[in-house]
Amino acid sequence: MISYKLISRLALAFVAMLGVQAAAQTIAITGGKVYPVSGPPIENGTVVITNGKITAVGVNVPIPAGAQRIDATGKTVTPGFVNSSTQLGVQEVSAVNDTRDMSARGKDNIAAAFTVWEGLNPNSVMLAPARKEGITSFVVIPTGGLVAGQAALVDVVPGTTTDMIIRAPVAMVAEIGDPQQAGVGSRGELIVKLRELLDDTKFFRTHRDAFDRAQTRPFAASRLDLQAMIPVIEGRLPLLVTVDRASDIDAAMRLAREYNVKLMISSGAEAWMVADRLAASRIPVLTGAMNNIPGGFAALGQRQENAGLLRKAGVAVALIGNAGGGDEEAFNVRNLRQEGGNAVSYGMIWDDALRAVTLAPAEFFGVADRIGSLQPGREGNVVVWSGDPFEFTTRAEHVFVRGREYNEKTRQDLLIERYKSLPSTHNTPRP
Amino acid sequence: MRAFLCVLLVGAAACASAPSQTTTSNTPARDSTVADIGRGGTSTPNADPFPSTYVPFPARTTVIRNVNILTAAGPLIRNGAILLQNGKIAAVGASVDAPADALVIDGAGKYVTPGLIDDHSHLGVYAAPGGNALSDGNEATGPTTPQVWAEHSVWPQDPQFPRNLAGGVTTLQVLPGSANLIGGRSVVLKVVPGRTVQAMKFPGAKYGLKMACGENPKRVYGQRGGPQTRMGNVAGYRAAWIKAQEYRRKWDKWNSDHKGDPPARDLGNETLAEVLRGNIFVHNHCYRADEMAQMIDISHEFGYKIRSFHHGVEAYKIADLLAKEGISGSLWADWGAFKMEAIDAVKPNLVLVDHAGARAIVHSDDPSGSQRLNQEAAKAMEAGAEIGIAVSEDQAIKWMTINPAWALGLDDKIGSLEAGKNADVVLWTGDPFSVYSKPEKVWIDGALLYDRQDPSEQWRTDFELGFVPFNRN
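These protein sequences, in sequence, are chains A and B.
Residue numbering for the first sequence follows numbering that gives the first Met the number 0, starting at 0 and increasing by one per position.
Residue numbering for the second sequence follows numbering that gives the first Met the number 0, starting at 0 and increasing by one per position.
Misleading hints may appear alongside valid ones.
[Said to hold, decoys possible] Which stretches of chain B does chain A cover? Using the computed rule of at least three CB atoms under 8 angstroms from a CB of chain A, they are:
#1 128 to 138
#2 155 to 165
#3 381 to 393
[Unchecked claim] Label pairs and their in silico Cβ distance ranges:
#4 A:Glu188 with B:Gly277: 53 to 63 angstroms
#5 A:Ser385 with B:Ala198: 45 to 55 angstroms
#6 A:Thr427 with B:Gln227: 21 to 31 angstroms
#7 B:Arg194 with A:Ser420: 51 to 61 angstroms
[To be verified] If you only want the chain A side, here are some residues facing chain B, beta carbon under 7 angstroms, derived:
#8 Asn291
#9 Phe296
#10 Gly300
#11 Asp326
#12 Phe330
#13 Phe391
#14 Tyr418
Keep in mind that the hints were calculated from the coordinates and are not lab data.
Glycine included, C-beta positions come from ideal geometry on N, C-alpha and C.
All chains should be built: construct the whole structure from the sequences, respecting the hints.
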């Protein structure tokens with residue numbers, strides 16, 4: 000982890016140096032209703048971005064000479080949105096195998112060493128549509144097996160994967176609701192298998208020399224997987240568990256307590272049933288507000304009020320797409336704001352919903368010092384919305400990532416331009 | 000996404016070991032008298048063997064006053080009123096006269112719309128909680144299965160039905176899946192609690208025929224005897240229609256002269272012949288513009304009409320052709336890019352189709368999306384505004400009401416708020432195109448069947464009892 004942090008910091012410094020000509024500018028967004036998220040909203044506020052970073056937020060903020068001014072009067076200014084459950088960049092067309100890079104074969108359904116971001120394609124055409132609708136950062140999540148691999152949090156910026164990374168890894172991902180996928184016969188056996196992995200990791204951690212001399216018993220996982228699990232048992236890297244059934248969430252909590260693992264719940268259809276205990280254990284939940292279907296025996300209690308009820312009980316919540324359909328992990332990552340609106344519609348306080356798509360995920364993944372709020376020193380990830388960001392009639396009018404405004408045409412924009420007026424023949428329209 | 004892929008792929012999994020079957024055997028008719036041929040007599044051997052037993056639920060005369068009304072038949076009526084009486088819309092306007100005993104609902108700040116209609120649903124045939132036991136939407140034992148009827152797969156206790164009703168949906172077309180070139184008959188259902196599927200069937204509704212283009216059939220059958228290619232798909236449709244023409248000819252002749260024994264009955268060809276006679280509507284799953292144009296040519300070759308292209312993510316590329324042919328587009332607002340034939344999806348698709356003068360329909364193909372057809376429409380409206388094509392709420396409401404009603408051939412009964420039509424009505428907490436609005440009350444044929452404020456008016460399926468905590472509101 001340390002090495003990745005270091006690499007990403009060096010890379011950022013490098014990009015900052017390179018970008019001096021292109022992005023060394025000052026932007027002042029004035030007159031809008033500013034939601035810093037880390038503090039109360041500011042009417043008629045100003046946000047100043049200098050050299051890619053936010054340098055001032057407030058009222059009566061002096062505007063540096065030569066700043067590019069953006070009049071946000073009557074508009075809403077928020078941190079860029081963070082979608083914390085995506086396969087953006089590792090899945091272009093999900094039914095085209097050649098474009099799917101979110102899963103590892105691993106060994107015996109354990110792929111802890113898998114660093115999904117190594118396969119991330121910064122040139123994916125899925126990135127621009129997301130950014131166009133205010134998504135400035137996302138978590139790329141590996142899927143499949145029992146332990147799927149490690150997740151990364153990246154910004155939607157051009158360049159290399161290294162340029163994009165804010166932090167990697169940000170979590171170890173496991174899926175514990177599905178024994179079949181985990182390669183075991185039942186839920187109980189799945190927990191046994193996880194326990195064996197954690198035990199072996201503990202042992203491996205203190206007996207590496209013996210392991211290298213081939214003087215240890217065989218382990219449940221490969222050397223690389225055990226190595227990757229060490230930050231998890233040291234409590235430095237959260238274990239993000241995809242799980243729905245209340246009893247499975249409970250099992251995950253027991254295991255986390257036993258091994259002192261920092262737990263996060265993803266999907267969590269029935270998390271509302273154990274909300275008080277999740278709150279008491281300070282376990283965050285990533286869930287959505289657009290699914291109420293008992294879509295399996297593990298999700299009989301699925302309901303749209305889940306996020307609101309969890310919040311009410313004091314659980315920290317990040318909103319993610321959870322209804323399936325339409326490629327919500329890639330092309331429709333952009334619908335996070337619809338998730339926010341529905342969360343509000345089903346009981347979440349509006350400010351909490353905004354937090355759940357900005358600062359909350361930044362906190363969960365340990366990057367709140369970089370993104371998720373409008374404060375001096377944070378990355379210039381800022382969106383100017385024409386109104387309430389959760390409402391359909393609202394548009395993301397200006398999207399800044401690390402201080403640079405993006406308004407390039409998406410692939411969809413180009414198609415619309417081509418076909419907006421159809422010729423009288425069936426020839427393809429020409430410009 | 001997981002659930003969605005399941006619907007598409009499950010057919011392949013379910014029939015991996017099943018033998019390929021490309022022809023259906025002709026079963027000789029047991030009897031040869033006209034009397035035994037049954038209801039519908041001369042047009043088809045047995046037109047309505049599973050008749051609707053739907054009876055409207057008890058209804059109270061109800062007037063909603065001081066409410067904004069999107070009628071789908073004219074401009075928004077602000078602070079108007081609507082009277083539901085004897086299962087019908089008795090009056091709608093700036094004000095209405097109501098009998099003294101009518102239940103009066105104050106709709107201040109709220110909206111009324113027609114009951115929403117989703118013309119692309121798999122509720123009941125891919126029922127929750129899912130799994131193989133409830134996977135009944137694709138008869139993927141052969142690429143051409145016009146002999147199957149979706150209603151024979153519908154589980155009336157699917158817990159997705161009441162959730163759909165709570166989303167304001169009062170009428171559904173339940174279709175077979177898209178594994179097959181010709182997937183079978185659809186069924187039109189009222190979203191009502193029924194002990195049997197017949198009790199949910201919309202009386203008098205025409206059947207639809209599900210057809211599918213492109214990737215799905217060739218993926219499912221590519222390694223199992225074909226079709227393996229798009230050209231194989233087209234050959235498959237044409238071969239089926241050639242047989243259907245022959246079948247129809249024989250039966251039409253016999254129906255007119257009753258000479259000798261009637262021809263042998265064949266379930267699949269009965270359905271296809273009814274399509275050729277114009278009595279069953281074709282609902283064609285098709286993504287790409289070029290393939291839609293080919294399907295239109297096939298319809299010309301055999302003399303049937305395509306009522307609607309479903310999914311049609313490239314409908315905007317041939318919106319003029321759809322308008323000319325009188326074919327509606329049953330579309331998503333923003334789904335796309337999950338397979339090759341979906342990569343050119345654009346958000347204003349609905350708007351561009353509407354703008355070209357074709358009927359645009361918001362459909363779901365998804366038990367979650369079906370609960371938020373209003374939100375899907377709102378997303379498309381905004382995408383239209385962004386490219387300079389403003390769509391009014393008066394127009395957009397049609398995408399989920401009168402236009403799908405037309406696609407089902409029911410636009411004389413449902414789909415708009417006009418005197419004499421069925422009282423399928425939704426009272427919304429606010430503007431239905433806002434993310435913050437939800438259906439508050441839903442009536443079907445004048446009967447209140449959902450009330451967000453009153454749990455006793457919230458339908459729970461048998462499955463939910465005990466299994467599912469009562470938690471909806």
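Structure-based check of each hint:
Check on the stretch 128 to 138 of chain B: 3 of its residues sit with their Cβ under 8 angstroms from a Cβ of chain A, so the three-residue criterion for coverage holds. Closer than 8 angstroms: that is the beta-carbon criterion, and the stretch 155 to 165 of chain B has 3 residues meeting it against chain A, so the requirement of 3 holds. For the stretch 381 to 393 of chain B, the stated coverage by chain A is satisfied: 4 residues place a CB nearer than 8 angstroms to a CB of that chain, which reaches the threshold of 3. In this structure, A:Glu188 and B:Gly277 meet the distance hint of 53 to 63 angstroms, their C-beta atoms being roughly 59 angstroms apart.
Evaluation of the 45 to 55 angstroms hint for A:Ser385 and B:Ala198 yields a pass: the beta carbon distance comes to about 48 angstroms. Checked against the hint of 21 to 31 angstroms, the C-beta distance between A:Thr427 and B:Gln227 comes to roughly 28 angstroms, which is consistent with it. Between B:Arg194 and A:Ser420 the beta carbon distance is about 53 angstroms. The supplied range of 51 to 61 angstroms therefore holds. Of the supplied interface hints, the one on A:Asn291 holds, with its beta-carbon coming within about 6 angstroms of a beta-carbon of chain B, less than 7 angstroms.
Look at A:Phe296: its Cβ gets to within about 6 angstroms of chain B, closer than 7 angstroms, so that hint holds up. With 7 angstroms as the threshold, the beta carbon of A:Gly300 comes within range of chain B, its nearest partner Cβ sitting at about 5 angstroms, so the hint holds. Taking 7 angstroms as the C-beta contact cut-off toward chain B, the hint placing A:Asp326 at the interface holds, the least distance being around 4 angstroms. Using the Cβ-Cβ criterion of 7 angstroms, the hint placing A:Phe330 at the interface with chain B is satisfied: the shortest such distance is roughly 4 angstroms.
Proximity of A:Phe391 to chain B holds as hinted, the smallest CB-CB distance being about 4 angstroms (cut-off 7 angstroms). Look at A:Tyr418: its Cβ gets to within about 5 angstroms of chain B, closer than 7 angstroms, so that hint holds up.
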